[in-house]
Amino acid sequence: MKEIVRQCQRENPFAQKRLYDHYAHRLYRLCCRYVPNPLETEEVLMNGFLKIFRAIVDFEYRSPDELEVWLKRIVVNEALMHLRKTKSEKWLFAELDSSETTAAVSQASNAEGDLHAEGIHELILCLPDGYRTVFCLHALEGYTHQEIGTLLNISENTSKSQLSKARVALQKLLVKNGYSYER
173 MKEIVRQCQR ENPFAQKRLY DHYAHRLYRL CCRYVPNPLE TEEVLMNGFL KIFRAIVDFE
233 YRSPDELEVW LKRIVVNEAL MHLRKTKSEK WLFAELDSSE TTAAVSQASN AEGDLHAEGI
293 HELILCLPDG YRTVFCLHAL EGYTHQEIGT LLNISENTSK SQLSKARVAL QKLLVKNGYS
353 YER
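Going left to right, the sequence shown walks through residues 173 to 355 as my numbering numbers them.
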């Protein structure tokens, strides 16, 4: 991977293609956590890779893990910028639509009634944008509430509140559909 990064720093299109092919699927799934519309997700991913290829010149490669963290940060930031551009301030405080979430949860469970990773992802997508964004940033990406506040231009307390509401909403979805959860 180090050689691919070095070649990307020289703007080698074959190396850029290899880097894209290696990470595109993972980064696409990451984008889906924030931007569930497939067309918008693809746009965010492409814009993210454009920024990656521009910024990679200054990237100092140390390890594949560090590279992946760097790539993810760029894509998450691109997704958040997309959300800021396409949503009004109201997106942070949207309420759950119970008919949509019930249908999604039904599809999220397998035949034995067990919730699987893909099902959990479907439940997360049922959350309002603000809840989902804060939940993903904190619970899945490891951002602090202070970092989330800075990224989303909200207070640290608003971030904590949105995370709490997201957890409650997920728990309600689980209970409503006959699943138990651990506290």
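Careful, some of the hints might be misleading.
What the hints assert, rightly or not - No more than 27 Å apart at the CA atoms, straight line, and that leaves these computed lysine-lysine pairs for DSS-like:
1. Lys223 / Lys174
2. Lys348 / Lys332
3. Lys244 / Lys337
4. Lys174 / Lys257
5. Lys337 / Lys348
6. Lys223 / Lys257
7. Lys244 / Lys348
8. Lys174 / Lys189
9. Lys244 / Lys223
10. Lys257 / Lys348
11. Lys257 / Lys244
12. Lys174 / Lys244
13. Lys332 / Lys344
14. Lys257 / Lys344
15. Lys189 / Lys223
Claimed, not checked - Pair ranges (Cβ atoms, derived):
16. Lys348 / Val241: 20 to 26 Å
17. Arg201 / Ser235: 27 to 33 Å
18. Ser235 / Asn209: 20 to 26 Å
19. Arg201 / Arg256: 20 to 26 Å
20. Ile292 / Met173: 28 to 34 Å
21. Asp230 / Thr322: 18 to 24 Å
22. Lys332 / Leu222: 20 to 26 Å
23. Ala196 / Gln318: 47 to 53 Å
24. Lys344 / Asn184: 24 to 30 Å
25. Lys332 / Ile292: 50 to 56 Å
Source of the hints: derived by calculation from the structure; they are not laboratory data. Every residue gets a Cβ at the ideal spot worked out from N, C-alpha and C, and that includes glycine.
Checked hints:
no.	hint	result
1	Lys223 / Lys174	holds (19 Å)
2	Lys348 / Lys332	holds (24 Å)
3	Lys244 / Lys337	holds (25 Å)
4	Lys174 / Lys257	violated (35 Å)
5	Lys337 / Lys348	holds (16 Å)
6	Lys223 / Lys257	holds (17 Å)
7	Lys244 / Lys348	violated (33 Å)
8	Lys174 / Lys189	holds (15 Å)
9	Lys244 / Lys223	holds (12 Å)
10	Lys257 / Lys348	violated (34 Å)
11	Lys257 / Lys244	holds (20 Å)
12	Lys174 / Lys244	holds (17 Å)
13	Lys332 / Lys344	holds (18 Å)
14	Lys257 / Lys344	violated (30 Å)
15	Lys189 / Lys223	holds (14 Å)
16	Lys348 / Val241: 20 to 26 Å	violated (36 Å)
17	Arg201 / Ser235: 27 to 33 Å	violated (22 Å)
18	Ser235 / Asn209: 20 to 26 Å	violated (34 Å)
19	Arg201 / Arg256: 20 to 26 Å	holds (21 Å)
20	Ile292 / Met173: 28 to 34 Å	holds (29 Å)
21	Asp230 / Thr322: 18 to 24 Å	holds (22 Å)
22	Lys332 / Leu222: 20 to 26 Å	violated (34 Å)
23	Ala196 / Gln318: 47 to 53 Å	violated (31 Å)
24	Lys344 / Asn184: 24 to 30 Å	violated (51 Å)
25	Lys332 / Ile292: 50 to 56 Å	violated (22 Å)
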